[in-house]
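Undergrad: Go ahead and model the full structure; you've got the sequences and the hints to work with.
Just so you know, the sequences run in chain order C and P.
Going by this note's numbering, the first sequence opens with residue 1, and the numbers climb by one from there.
Going by this note's numbering, the second sequence opens with residue 1, and the numbers climb by one from there.
Take every hint as true, because none was put in to throw you off.
If several chains are the same, the list does not tell them apart, and a pair holds so long as it fits within one copy or across any two.
Quick list of in silico lysine-lysine cross-link-like pairs, PhoX-like style, CA-CA up to 25 Å:
1. 223 / 103
2. 337 / 320
3. 102 / 220
4. 301 / 337
FYI, nobody ran anything at the bench for these hints, they're computed from the structure.
Protein chains: 2
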Amino acid sequence: MVKAKRSEVPKAGFDLSATREIVLNKLKQLGQRIVEQLVMKELPEIKLPARTTSNIVYDADLRQYVLGPKLVTRTARNVKHLRPLSQLLWMALFSKQLVEKKKTSTLRDAFYNAIGFGIDFEDQNESDNVVTELESLLGVIREDFNIYPEERSSVFGPLVVQYNVPGYEGSRLDLTTIPDGAMIGPAMATARFIKCEAKQVFVVEKGAVYQRFLEEGVSKTFKAIIVHTAGQAPRATRRFIRRLNQELKLPVYIFTDADPWGVHIANVLIYGSALAAHVKELTTPDAYWTGLWATDITKYKLPAMRFNEEDTRRIAELEKDPRYAVDPWKREISYFKKLQRKAELEALSRYSLEYIVTNYLPEKLEEVKKG
Amino acid sequence: MVKAKRSEVPKAGFDLSATREIVLNKLKQLGQRIVEQLVMKELPEIKLPARTTSNIVYDADLRQYVLGPKLVTRTARNVKHLRPLSQLLWMALFSKQLVEKKKTSTLRDAFYNAIGFGIDFEDQNESDNVVTELESLLGVIREDFNIYPEERSSVFGPLVVQYNVPGYEGSRLDLTTIPDGAMIGPAMATARFIKCEAKQVFVVEKGAVYQRFLEEGVSKTFKAIIVHTAGQAPRATRRFIRRLNQELKLPVYIFTDADPWGVHIANVLIYGSALAAHVKELTTPDAYWTGLWATDITKYKLPAMRFNEEDTRRIAELEKDPRYAVDPWKREISYFKKLQRKAELEALSRYSLEYIVTNYLPEKLEEVKKG
Numbered sequence: 001m002v003k004a005k006r007s008e009v010p011k012a013g014f015d016l017s018a019t020r021e022i023v024l025n026k027l028k029q030l031g032q033r034i035v036e037q038l039v040m041k042e043l044p045e046i047k048l049p050a051r052t053t054s055n056i057v058y059d060a061d062l063r064q065y066v067l068g069p070k071l072v073t074r075t076a077r078n079v080k081h082l083r084p085l086s087q088l089l090w091m092a093l094f095s096k097q098l099v100e101k102k103k104t105s106t107l108r109d110a111f112y113n114a115i116g117f118g119i120d121f122e123d124q125n126e127s128d129n130v131v132t133e134l135e136s137l138l139g140v141i142r143e144d145f146n147i148y149p150e151e152r153s154s155v156f157g158p159l160v161v162q163y164n165v166p167g168y169e170g171s172r173l174d175l176t177t178i179p180d181g182a183m184i185g186p187a188m189a190t191a192r193f194i195k196c197e198a199k200q201v202f203v204v205e206k207g208a209v210y211q212r213f214l215e216e217g218v219s220k221t222f223k224a225i226i227v228h229t230a231g232q233a234p235r236a237t238r239r240f241i242r243r244l245n246q247e248l249k250l251p252v253y254i255f256t257d258a259d260p261w262g263v264h265i266a267n268v269l270i271y272g273s274a275l276a277a278h279v280k281e282l283t284t285p286d287a288y289w290t291g292l293w294a295t296d297i298t299k300y301k302l303p304a305m306r307f308n309e310e311d312t313r314r315i316a317e318l319e320k321d322p323r324y325a326v327d328p329w330k331r332e333i334s335y336f337k338k339l340q341r342k343a344e345l346e347a348l349s350r351y352s353l354e355y356i357v358t359n360y361l362p363e364k365l366e367e368v369k370k371g
Numbered sequence: 001m002v003k004a005k006r007s008e009v010p011k012a013g014f015d016l017s018a019t020r021e022i023v024l025n026k027l028k029q030l031g032q033r034i035v036e037q038l039v040m041k042e043l044p045e046i047k048l049p050a051r052t053t054s055n056i057v058y059d060a061d062l063r064q065y066v067l068g069p070k071l072v073t074r075t076a077r078n079v080k081h082l083r084p085l086s087q088l089l090w091m092a093l094f095s096k097q098l099v100e101k102k103k104t105s106t107l108r109d110a111f112y113n114a115i116g117f118g119i120d121f122e123d124q125n126e127s128d129n130v131v132t133e134l135e136s137l138l139g140v141i142r143e144d145f146n147i148y149p150e151e152r153s154s155v156f157g158p159l160v161v162q163y164n165v166p167g168y169e170g171s172r173l174d175l176t177t178i179p180d181g182a183m184i185g186p187a188m189a190t191a192r193f194i195k196c197e198a199k200q201v202f203v204v205e206k207g208a209v210y211q212r213f214l215e216e217g218v219s220k221t222f223k224a225i226i227v228h229t230a231g232q233a234p235r236a237t238r239r240f241i242r243r244l245n246q247e248l249k250l251p252v253y254i255f256t257d258a259d260p261w262g263v264h265i266a267n268v269l270i271y272g273s274a275l276a277a278h279v280k281e282l283t284t285p286d287a288y289w290t291g292l293w294a295t296d297i298t299k300y301k302l303p304a305m306r307f308n309e310e311d312t313r314r315i316a317e318l319e320k321d322p323r324y325a326v327d328p329w330k331r332e333i334s335y336f337k338k339l340q341r342k343a344e345l346e347a348l349s350r351y352s353l354e355y356i357v358t359n360y361l362p363e364k365l366e367e368v369k370k371g
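TA: Encoded structure:
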């Protein structure tokens, strides 16, 4: 455990109370706009960014997908719009109650709550879509109006956080005191970073590698915060990683399996997903995908499995994606195509359990930094 | 947060050092037996419990599946046995190193490590099977020789644990101090229970319900430890729940979705799985399946989805299983067959987010206690 004096973190950074205030104001403005229209005896309408494929464009400067300028209108003037307009306004009401009551919820809870309220949703997909609409209308991510994913990933390392959720206001946690790592739930996701002695962040896809890093004392020897995504990173974790990078100015290194899914887990952490083109708080464009690369399979002589049809199809898809147009993505995708094989991070255990920490990790960090 | 003085927990209970000692002795005895046979110029052989279907029997007293008296022999005398015998002995070696070095590993790591060692495994299935063989030979669960599942569930409530893993020997954690809940990894799974103010344990399948229980202060108002299984409970969590029941004498109440998979999650927690017939440390026979029942769908007028073919097939399977021959299982399976519908725990949100805590939970506890 890190015992030395920790360096203070700058006072700026994520502030739950301020975020709450901003979101409540946006929601109130939305409500006021509707009320004003009604008072003026106008049929209420709302304009919001179109999320159609043609309006999702890749922004090379921002290095993520963003929404174009196209807007859509939801107006009570059109009888076909009445349903989606009511759904959107109900979701805004539900979100306002969550933020005011300082309670969190999930997409599924929102759906069932709507049903109980008599709001007509065909299925959860339809209600999920309205949550996304509300995000793009307000310009904030849904975690800011307290709708969280159910999945949890976890974190360990020389960082002290200060909670701000009800019952824990001001209480602090030193992340090195929890030997299994601390979960990234709503409390961790909204905590302030108070003291940090880390020099870098390692993000790993696999639980076995996370556990190995913890047991080998990587957080101490490499002065690193270690994040376990547990597969595709939940959105709250994507923002958490972004905060580590932006608020603490820590470089972020990502380790995934060497297969089309692992590659994409890293890519989404860095550049974001096309589905989240309407928000900008979930990406870490300066993070490095550090491994496991396709070329590592050959270089480290790893036990590898042959691609199945799905893998081949997926790699062909990624090749056409603008987020994969630069190295290391481009080079590795092309090597995958040639190799037609994939390997898991745990394959490095063929040398020894510790090899990934004693050899692979320092070698790859060196390689990526040389760029 | 619970601030009152906590009651002391009896000194007995899980002891990591003692377990380590026992497992190391068993492994040494295994090695000695082989060496002695070699010294006597005999071809080494091992007898172990047969895990064939015909030798897996339901024990109504123990209320779980157990292995019958049939044994199988692995002997170097038979050239066909050489491979599985070597695999088993290598796995024993690997496990001994883990326990001695106080490191944990996973099934997948074990497989790749074996490959690097030149041990011939067709695929991970084959090596997983050898781990199970080692469990049944030693009569301990694989977590006791430090092979852990990758999945993590979590826990929150008025309990103080004392860690015993390297670097944390003697350090304590009050589980109410982590607002997102603490993960049940190797450190938590092997921690000693030091102080407990809880009167009962609530086990929930769904993350949304776990979060709801935490935010509504259920651990305080119901004096409860709350465990989130995140679907089918990982084995380390199954043992953890058993320990809460047996060491702390706390009643355990289980809440799952009302569908064939939810029912089985509860059933496996209580009676164990047929696949784990060779071990007895993973069940909690006195736990209660408290909901969501098929009959709750009607009673609480919940939004429910029609069964698909897979659901219907699965319910028919469960009906034939001896673990489902008593109520509430029998009654609920029969009601599922009649209803042909399923519902999620979150469906209770149709009344309000808080309804599950303010109404459903106390009503169901009352109902289950009346029996």
